[in-house]
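**Student:** Below, each chain spelled out in residue letters.
Number of protein chains: 4
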Amino acid sequence: MGQGRRLRGARQVRGRPGVGIGAINANVFQDDDYKLGSVTNPDPAVRRKATDHLLECVDIMDATGSRDLKLWFSDGTNYPGQDSIRARQDRLAEALREVYDRLGDHQRMLLEYKLFEPAFYTTDVPDWGTSYAHCIELGPKATVCIDTGHHAPGTNIEFIVAFLLRAGKLGAFDFNSRFYADDDLMVGAADPFQLFRIMHEIVSADALGEDAGIAFMLDQCHNIEPKIPAIIRSVMNVQEATAKALLVDADALAAAQRAGDVLGANAALMDAYNTDVRPLLREVREEMGLDPDPMAAYARSGYAEKIVAERVGGEQAGWGA
Amino acid sequence: MGQGRRLRGARQVRGRPGVGIGAINANVFQDDDYKLGSVTNPDPAVRRKATDHLLECVDIMDATGSRDLKLWFSDGTNYPGQDSIRARQDRLAEALREVYDRLGDHQRMLLEYKLFEPAFYTTDVPDWGTSYAHCIELGPKATVCIDTGHHAPGTNIEFIVAFLLRAGKLGAFDFNSRFYADDDLMVGAADPFQLFRIMHEIVSADALGEDAGIAFMLDQCHNIEPKIPAIIRSVMNVQEATAKALLVDADALAAAQRAGDVLGANAALMDAYNTDVRPLLREVREEMGLDPDPMAAYARSGYAEKIVAERVGGEQAGWGA
Amino acid sequence: MGQGRRLRGARQVRGRPGVGIGAINANVFQDDDYKLGSVTNPDPAVRRKATDHLLECVDIMDATGSRDLKLWFSDGTNYPGQDSIRARQDRLAEALREVYDRLGDHQRMLLEYKLFEPAFYTTDVPDWGTSYAHCIELGPKATVCIDTGHHAPGTNIEFIVAFLLRAGKLGAFDFNSRFYADDDLMVGAADPFQLFRIMHEIVSADALGEDAGIAFMLDQCHNIEPKIPAIIRSVMNVQEATAKALLVDADALAAAQRAGDVLGANAALMDAYNTDVRPLLREVREEMGLDPDPMAAYARSGYAEKIVAERVGGEQAGWGA
Amino acid sequence: MGQGRRLRGARQVRGRPGVGIGAINANVFQDDDYKLGSVTNPDPAVRRKATDHLLECVDIMDATGSRDLKLWFSDGTNYPGQDSIRARQDRLAEALREVYDRLGDHQRMLLEYKLFEPAFYTTDVPDWGTSYAHCIELGPKATVCIDTGHHAPGTNIEFIVAFLLRAGKLGAFDFNSRFYADDDLMVGAADPFQLFRIMHEIVSADALGEDAGIAFMLDQCHNIEPKIPAIIRSVMNVQEATAKALLVDADALAAAQRAGDVLGANAALMDAYNTDVRPLLREVREEMGLDPDPMAAYARSGYAEKIVAERVGGEQAGWGA
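Residue numbers (this note's numbering), protein chains in the order written: chain A, 9 to 329; chain B, 9 to 329; chain C, 9 to 329; chain D, 9 to 329.
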């Protein structure tokens, strides 16, 4: 996604549905001071300011009862030689340690990674390995946050999911989808099969419930489509992928895997994926007293027309920026 | 690069040094009308408005004596199904035809391509093949513009350069460099060997001079570095790559190629690349009555301090957007 | 996929089911003479030999009543400077012209492209643009063959499909799927949604039937799974994607596209994709007098056991090579 | 590179110049038993066989005085569902632990990673993060081996180098270069500036000497060029990159970095890179009593002609496989 949009989205306090505790999203520093980095800036005064800002976020977490401090650093460099890669890791580790030690007993740190953008040469936390290594060093309250749009082309995301679940270090998802880079399209819009494979790893590890402590979040940017329906569609896409993952015949799959039956094991997974779970989800919604068709319910509500009438002169996120 | 920065750069009239005739850069439409496309918009009224805007650009070219109409369309779609890929090509062809037919005898159309961004699913002119196909259809005044940052990972840019030169369809370069996507770093900063290989194709085809009609432009974004020195450095990088390309022993290279001497041919190219041409370029500048060290000359000029003093309160492009 | 496997698959005469006319697949030259290229080799004697081989293929086409000469050239270079990119295009054009002129009235040339491998620096036909440009130059009997595994990361294949259909230059598909490079997995195994989008372009252009002249082929490599069931599964995957594409409500889609209803248009496409078409396909097979479950029918046939018994000592393609 | 070639290169015992102690390269299992994996195979009997093979390698290390056991596993899966990603990690960890515990006091394990190939869906050690995590778990004798061709597009390799050096976990390099995937071209042939940046990290961390324990190896495949000159050229390319890295003015670089002088810091690095170090290296060779021009010395030696005469009927690696 464009840097402009991302930068504008800085430091929001979001409710995290499904967990019930708010998270502090201290992930961007817009100040011009941070042009060469926040906690990894070569200037100690800037680093101090950035770390103090993070400590202040923990104060706000205390005051609001938030559990999660989600950190995404836009820090990095644009040109070879611009700064020492290693020194920046030292500075990063130092800041993370100070903030980690400030966390309360029931608070967590979620460390997000991103391949590139806004930094175009090195990013200080570019991949899951870097995030994982810092989390291991910090301690049990630090876990990795996976944004599904933040990987190099060809990266197998469900492998990372499975690896982190095995290590007890998967803390959260920022869901979205992409064809190219960090496109921030609606989750499930670009590769619904990938979303299913990710949810299959979650289900296989019995990590869907609240006990597993994984925060499932959306991190998207609705440039050309209306926002609320886009979010409804995104949630439905995750529900459908999850329902399909729950339909996998785990015994049949495991038996085929044990037997080395490549096509049989693949077919066990594909059978679930190829099932149309929409009728089932409509039933579940009705049983819960909800409208079986959320998109139609929203359209009938007249809310879209109401906010358009109220916000004459406003505009979509990102367009015209 | 970020969408925000690009969108802000819309419709500039730039001088083109080395050619001596200005170009109209009608490549972006910021208006909210263009959210779903400009000349490829599903709405005929929007298409009319966009095409009229392009025709107006040709009027300005007439008035200013500009030769080149450089077109980069941000048009595309974000979601599968959003619009008909084929219908959008029809609309694109129709608009290009109308504008092409309006060009005067000594005017040209340069059609730029870009893999993605701001569109994240389809882009209407995503690759050189699409641009080339439209140019062939349009006629001799239409040629391709290569932006070195607009390709899929792994694309061999010098192959495209060689192919278009052979076909007489290379009109211009937008130079910059990148490690990831359209990063718009200083040209030669990320992969100086690639820049040399591109210039080697230009030199091999004897297309460096004004007669060849190739416009060499910079299209960069200086987010964290001072702009004027960054441009000086970029020009020096192109000069060094060009000087090295001119140093290639063409006879030795051709002989090794004919003989199937893989290592010998590669060595002939590398010998030139590995030469330090900076002393030579300093001499050339002195012979031309210029300062041999352009960066030092700029530093001595005091211009940087002067504009900082004058522009208190201003800021770097892109940062804080 | 590995070069080894590919090279071993050279020069097969394959029947093309669904078209009823065999194709000559003259796509690889294994001879050590061709180490530096076949029709683009710097040595004129090697080029002569390669072109003669292609002309001989047309003789065989005459004798066997084949319609299609499918050409995939492994030609390219491994090192910068190794050969002249431009001269190789000249040689390619010359050979293609000679072979094209030799084709009979009802014969066609299908020119396949591939980003890389076995050549690792330049490939002489690396992308659809190169193939298209040569086909345009050659004439109406030359069309492009798309191998779905031969693109750079991030390439939008359905865009290429739509573009070539619009231009009347899409001749054939080599279907397979991949997560990384030219992996040659079963079609539909890696990204079933992409396969659906491709078939949607085919259906939208009314190009599914024999009149459209598109040859739908599989080009896969079954390294670890049994071959015949893998091919059955691949055909079923294409059938499912096609059935879904045929289920798209074209009127609703077009109306939403015209109205600029991004989410509505996307939903029209996704409704078809999310439908479980397997029951429908079972019915269709029964109506045609076929077994509704091809995998089970094959398993019951005992053929797999029979060939295993007969081929003791043989092995899977590619493994252990 | 092609799978065929790689598989043929299995289990070589190589001398490691510069360290003086041989390494066991137990990285490939060609046996058909290993089709679904070696140490991660779903079949416990196959895993036992694979682990026993590794233990036998350590026996050979004892007998030959080798220090390093370099492990590259081709293990992985080709299709979603084929096997449990997580169970395969458990099996991998178990085998590594058994082999690690068998190592003597002065022996090491080098764990190599690779994005893909020959596995095309999941690879059991696909990235540095996975290798690092296992090495941390195993203990101080386990370190990461970086093959420069084994990364996803866009991966910043020098970042990984710097990170692992900081963590004391960089054990070895397999040098080669690539434009696309694991092309295995001569190191420095595709991106000499990248090689320089890697060596700059090595020099900056004072890790060039024997004490640092980093094994610098070549892992290339010479398909079309003569092997011995290709290796000479590769060594010269590493020497040139190292010489340039040693020429970096570390004080000037650090000062510019501290001052946040982006262009100045970049220029300090580029000044060294742009220097022609070949005359210097010729002098160094002469001082050491070596021929200043290794390529010419080899040509004069007549060795190439001698082996050609002796090996009539043989062929280049990989071609025609």
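Any given hint could turn out to be false.
Since the list gives no way to pick one copy over another, a pair counts as held whenever it fits inside one copy or between any two copies.
[Claimed, not checked] With a cut-off of at most 25 Å between alpha-carbon atoms, the simulated BS3-like pairs for lysine-lysine come out as follows:
hint, residue 1, residue 2
1, 314, 43
2, 149, 57
3, 43, 177
None of these hints come from the bench; they were simulated from the model. These numbers come from a predicted model, not from an experiment.
**Student:** Output the numbers, in ascending order, of every earlier hint that fails for this structure.
**Tutor:** 3
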